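Here is how the chains run, residue by residue.
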Amino acid sequence: MVDLSVKIGDITLQNPVQPASGAFSWEYNDVIDLNRLGALVAKTICREPRLGNPTPRMAETEAGIIQSIGLPGKGIDYFIAHIVPEYAKFTPPLVVSVSSETIEDFAALAEELSVPDVDVIEANISCPTRNSTGGNFAMHEDYTRDCIKAIRAKTKKPLWVKLSPNAGDIVSIAKAAEAAGADALVIANTFLSLKIRTDNFRPALGNKFGGLVSPALKPIVLRMVYQVAKQVKIPIIGIGGVTKAEDVVEYMLAGASAVGIGYAGFRNPTALISIIDDLAAWCDERGITKVTELIGAVRDQDMETDTLAAASVGV
Amino acid sequence: MVDLSVKIGDITLQNPVQPASGAFSWEYNDVIDLNRLGALVAKTICREPRLGNPTPRMAETEAGIIQSIGLPGKGIDYFIAHIVPEYAKFTPPLVVSVSSETIEDFAALAEELSVPDVDVIEANISCPTRNSTGGNFAMHEDYTRDCIKAIRAKTKKPLWVKLSPNAGDIVSIAKAAEAAGADALVIANTFLSLKIRTDNFRPALGNKFGGLVSPALKPIVLRMVYQVAKQVKIPIIGIGGVTKAEDVVEYMLAGASAVGIGYAGFRNPTALISIIDDLAAWCDERGITKVTELIGAVRDQDMETDTLAAASVGV
Amino acid sequence: MTLDPNHNYSNAALRIGDVDRYPRRRVGEFIGIVASNAGVNDEYRHIVVKVHEQALKAYAGQMFHLLCPSPDGAEVWMRRPMSVYRVDKAAGAVEFLYKIEGRGTRGMGKLQPGDEFNIAGPLGAGFKLEPAWKNIVVLGRGVGLATLAPLSQLAAEQGVGVTAILSARHQGVVMSKALFEELGARTVTVLDSDGTSAVENVERVIEELIAARKADAFFTCGSNRLLKLTQRLGKKHNIPGQVAMEQIMVCGFGACYVCMRTFEVDGKRVLRRVCREGPVFNMQEAVGW
Amino acid sequence: MTLDPNHNYSNAALRIGDVDRYPRRRVGEFIGIVASNAGVNDEYRHIVVKVHEQALKAYAGQMFHLLCPSPDGAEVWMRRPMSVYRVDKAAGAVEFLYKIEGRGTRGMGKLQPGDEFNIAGPLGAGFKLEPAWKNIVVLGRGVGLATLAPLSQLAAEQGVGVTAILSARHQGVVMSKALFEELGARTVTVLDSDGTSAVENVERVIEELIAARKADAFFTCGSNRLLKLTQRLGKKHNIPGQVAMEQIMVCGFGACYVCMRTFEVDGKRVLRRVCREGPVFNMQEAVGW
Ligand SMILES: Cc1cc2nc3c(=O)[nH]c(=O)nc-3n(C[C@H](O)[C@H](O)[C@H](O)COP(=O)(O)OP(=O)(O)OC[C@H]3O[C@@H](n4cnc5c(N)ncnc54)[C@H](O)[C@@H]3O)c2cc1C
Ligand SMILES: Cc1cc2nc3c(=O)[nH]c(=O)nc-3n(C[C@H](O)[C@H](O)[C@H](O)COP(=O)(O)OP(=O)(O)OC[C@H]3O[C@@H](n4cnc5c(N)ncnc54)[C@H](O)[C@@H]3O)c2cc1C
Ligand SMILES: Cc1cc2nc3c(=O)[nH]c(=O)nc-3n(C[C@H](O)[C@H](O)[C@H](O)COP(=O)(O)O)c2cc1C
Ligand SMILES: Cc1cc2nc3c(=O)[nH]c(=O)nc-3n(C[C@H](O)[C@H](O)[C@H](O)COP(=O)(O)O)c2cc1C
Ligand code: FES
Ligand code: FES
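Residue numbers (the numbering used here), protein chains in the order written: chain R, 1 to 315; chain X, 316 to 630; chain S, 631 to 919; chain P, 920 to 1208.
Hints were generated in silico from the structure; no laboratory data involved. It is possible that part of the hints are untrue.
Stated by the list, open to error - Label pairs and their computed distance ranges (CB to CB): (1) X:His397 <-> P:Lys1047: 19 to 29 Å; (2) P:Thr921 <-> S:Glu683: 52 to 62 Å; (3) S:Glu683 <-> X:Gln546: 51 to 61 Å; (4) S:Asn854 <-> R:Asp3: 55 to 65 Å; (5) P:Asp1111 <-> R:Met1: 49 to 59 Å; (6) S:Ala720 <-> P:Pro924: 22 to 32 Å; (7) P:Lys1047 <-> R:Asp277: 51 to 61 Å; (8) P:Asp939 <-> X:Met316: 42 to 52 Å; (9) R:Asp277 <-> X:Asp318: 33 to 43 Å; (10) S:Tyr652 <-> R:Ala179: 36 to 46 Å.
What you are looking at is a predicted structure, and each value in this text was computed from that prediction instead of being measured. Glycine included, each C-beta is placed from N, C-alpha and C at the ideal position.
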């Protein structure tokens, strides 16, 4: 039986499968055994209570959904007092995602959230629909560096940084986060999108813009994970379009140490459990004894191709 | 019967539906009546003959295809001598897409291509798989400005600029292209992607990276078109995931004056014709007499929503 | 043609007879088997799905989240919420009454007896009957009646009298009349076609029921107009009520905050999750839609 | 269950009997009707599709690009190329012989008589018989035989003698033997199971045919080993040949440059499009795969 455990810095996950922030809550315990997950990841929390964005908050598109929730929540005090204890009833490490519009507040929030039952702080610097003028530090290398540096100074908890797929040069941003003290990178959040209804000419979402979620996006995010993995030393958690065990393998081959799952758990509430089981079976069938063997194991140095070798250069 | 004609600068298209560069050739004439299209758009041409990338050049993914062709072609001399005359047999304007790795050569190519039978120069500054070190000027505002300025200085033909969806801040790049003298913007090229085969751990494409093509991407590109349309005065051609007449409408509502189609024409070789017919019928049913009425007609100022109004700010 | 499973997705759903390895479960993902799926009238269909016993815990007002098969070879991306119409414990089946609206329900309409159908639930907080209520009034329209129907079952079990006011466009689409009557409810049909569904007439019917002490509580679903009416009459006569609400959903069990509706509680407006705090809410708090 | 059309896509495909508004057409998008679709042996299936008369122009070695229905409710994104196996002008049908490999062909396998099937073609340059050739040798393996089979029809029409060497794993999967013989070809079956498919034995068979002046040209498809062998023997005896090649395709008619294979022409390596310059190529120029 394969050893599925992976290490993200000092934290050991019993397996590389965790939920994605915002697509999960302790209420999932109604459906699956949360103690089987690699980690528990709470919905992004902000300082003040927030209602979130106007409805409708989800619309289907041709090949996926767009959603714009707007980080609703009851604020940090309620979160620490009432929600952290709900998660503390389970054994996997608790990752707490946090967001703010100013660097100072971001760091202060991280500090306040560094309570014993919280195992990891995930800095969500990439919510695409939070606010058009702030909160999305991951679009810029400098903002990312400054923000992560400030947070790092205020907490000793392992610090994961969630990046944005909407950034043009994710490698530089990833390196900035690493240099500023991130312990791991979470790649990536959702793609900023728009749907316009042709029946009434209006945006389909109450917030106008939303994040696109679709298995179709996996090849883009996978490319980002691959590029970043070649340039940083800290572990990567790949998020985007994981719907089956082979997708976990694909992300790990590209260089991820673990994956996060959102959409698949909506479509199949038991998906996270079956993906863990399927991953173990996949490894066992191939004689892979430690899942960590897959990390970065893509064979990209000896491409096989059946046309002219130096083809891209010209005749 | 609706008037489907649109103007892109000084060029009038009989309708807003044109093929996307690289997904079309005069050989399509075997299948459909090319004289019905809004424009003819040739495959991107480079100075020297190029073989293109190693095979396989296409792989299916969960929700679309990735492809990496590598701009094969017989070079500019052959193109002007033999391919332009093939296109000249048809009535719609001919858009010639061009690419180079240096700004000087780009401008020189544009000049050489400014022959009578060519109606528009499309500067493809955004091919994601051309070369990792050059040719993809559209990732940067400055490169875009310098490149388009140089081309503008060398040709009086209408100049369209094809942008990259991989750029982080497409609005700035669009404005740079406009300021440098572009007559229209083509938004956008394909998303840089990767697929790794879990059976042999190898990249699925001979070139490793490829461009993702999928109807799933429409919401992302549509968002870009919408954002750019609010900030520039020149017309926009929207490209990405158009597969039906309603998609043309959606792009036009967001601010595009026309659309380009790639994938849909692969799936249904007669799609461009039926989309033109369906678009006319769609307008006729709604009493829209000029398709230009749709351009930028999104109703985004009076959102209707059934939850708390100022919800995103908090309770 | 029966579709193969879509191997892009993975699940640990329970099939009939499976041992549940997670007995603390309150909500399940189930792969049921369609027993029948037939048209009820011009617009509505009725599906019976045999399913793992865990699913039979569903009660009136709760819902399932249905993974509708594709009607056309393109994916249906999200589940569709449906109220449980009836739980047939003897047959080990849950039943839904549904209207074909779009792609999801169109795919559902294609299911044949013997086909698999993946459903998740039971979800949400359903109707609650208080011991003090001896006679209730149920008012519904359209598919809203699918949500209200099992209430008559619940009421029958608890010896509560039911008057069901069934509103419809015309006689051809009146629904659930038989089911209500079978379970001992008195039904009143009001139609657009003969004008009886007009608010004034329905108000008159209700006032008569109130006068006759047949209205200890109101239950409604599927019509904003009926909600407003019963809110007004409830306030006037101090009669409590419950309303089942709808909203677009993603997760169905409280994680995503997509399914919000506005409520007014003690003069303050709040948002609540239709899938978790609802779909059944205190009628007087609902703001409507 | 017959799937509805996927309304995300639009087409102006021709149905049987439609007036073609674009008579200059050489390639069509057609919506045919499946007449039959049945297993031939353990591995292969045979489908007959009634189709618009424009599609009946297809000849040996040409292909169609098939929009396979989804087998599982997720989209099948690209068409699948298939050689035309037979054109039945009298019945107004084109036929394909196919092997179920993956999702596309699996979906194709689910088509029922009466179902619609969207096919585009005929595409590419097929086999050409030169007037000087009186006797040809056809060598194929697996689905390659589907490509070669219509050649026997062509040869029969032009009074050319055919020897078909059919290579297979075992007797159970020998294909098209009946079709070849029906059209007057002599067949030689070589099998892995009894060792007769070994290169040395096939070489011996061919050398005998050459000696008997029964080999004016070679035609092959579906086996790199048979290609190499006939290239070698062709070079040795100065016998021309044609090979049908495969490659992953997107457009199918020359626009996308996805379907490239390498050829050696006058000592220089060049790339050619399998869908346009091919799928049938001069055997001596093919580099193999
Ligand atoms: C708690 C609850 C109980 C319901 N019970 C029933 C029932 O018993 N019988 C019945 O016929 N219908 C019921 N509905 C409505 C049913 O969910 C919609 O008719 C169905 O989702 C439409 O899906 P579609 O794909 O056919 O239509 P489409 O119009 O194509 O759906 C498009 C999108 O909108 C969403 N959507 C559309 N209408 C609704 C809606 N009213 N509520 C939530 N999402 C919606 C769908 O999820 C989908 O994402 C219920 C809804 C809720 C919230
Ligand atoms: C000119 C030509 C003629 C052919 N004639 C026949 C025939 O008569 N009968 C027959 O059974 N098969 C034939 N093939 C092979 C057939 O196209 C593949 O078996 C089929 O595409 C596999 O699709 P799938 O979805 O079932 O398999 P998958 O393995 O799921 O296909 C995955 C992807 O690879 C592509 N692909 C896989 N194998 C091939 C291949 N060999 N050639 C091109 N694309 C491929 C598919 O298009 C798809 O994108 C022919 C191929 C070519 C190029
Ligand atoms: C309904 C919904 C809510 C989300 N909320 C959050 C959030 O609060 N914080 C965050 O970092 N990401 C959030 N995300 C993004 C997910 O964490 C994840 O990055 C995204 O869904 C892509 O993964 P997937 O393809 O597996 O769904 C949300 C996504 C969805 C669909
Ligand atoms: C096979 C293929 C080849 C392409 N070649 C080019 C090219 O040469 N130049 C270019 O600007 N874009 C090229 N593209 C991108 C298309 O023009 C277009 O931007 C993209 O396909 C998105 O549109 P779609 O969603 O309609 O396919 C190519 C796309 C495909 C699929
Ligand atoms: S649907 Fe997710 S919280 Fe209600
Ligand atoms: S498949 Fe497009 S050129 Fe051959």
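Quick rundown of the hints versus the structure:
1. For X:His397 paired with P:Lys1047, a C-beta distance near 25 Å keeps the hint of 19 to 29 Å intact.
2. Checking the proposed 52 to 62 Å range against P:Thr921 and S:Glu683 shows it is violated: the Cβ atoms sit about 34 Å from each other.
3. The hinted window of 51 to 61 Å between S:Glu683 and X:Gln546 holds, with their beta carbons roughly 60 Å apart.
4. Distance hint for S:Asn854 and R:Asp3: a CB-CB separation of about 57 Å, consistent with the stated range 55 to 65 Å.
5. For the pair P:Asp1111 and R:Met1, the supplied restraint of 49 to 59 Å is violated, since their beta-carbon distance comes to about 38 Å.
6. For S:Ala720 and P:Pro924, the Cβ-Cβ distance of about 41 Å falls outside the hinted range of 22 to 32 Å, so the restraint is violated.
7. In this structure the supplied range 51 to 61 Å holds for P:Lys1047 paired with R:Asp277, their Cβ-Cβ distance being about 56 Å.
8. A hinted range of 42 to 52 Å for the beta carbons of P:Asp939 and X:Met316 is inconsistent with their spacing of about 23 Å.
9. For R:Asp277 paired with X:Asp318, a C-beta distance near 60 Å fails the hint of 33 to 43 Å.
10. A C-beta distance of roughly 43 Å is found between S:Tyr652 and R:Ala179, which places it inside the suggested range of 36 to 46 Å.
Hints 2, 5, 6, 8, 9 from the list above are not met by this structure, while the remaining hints are.
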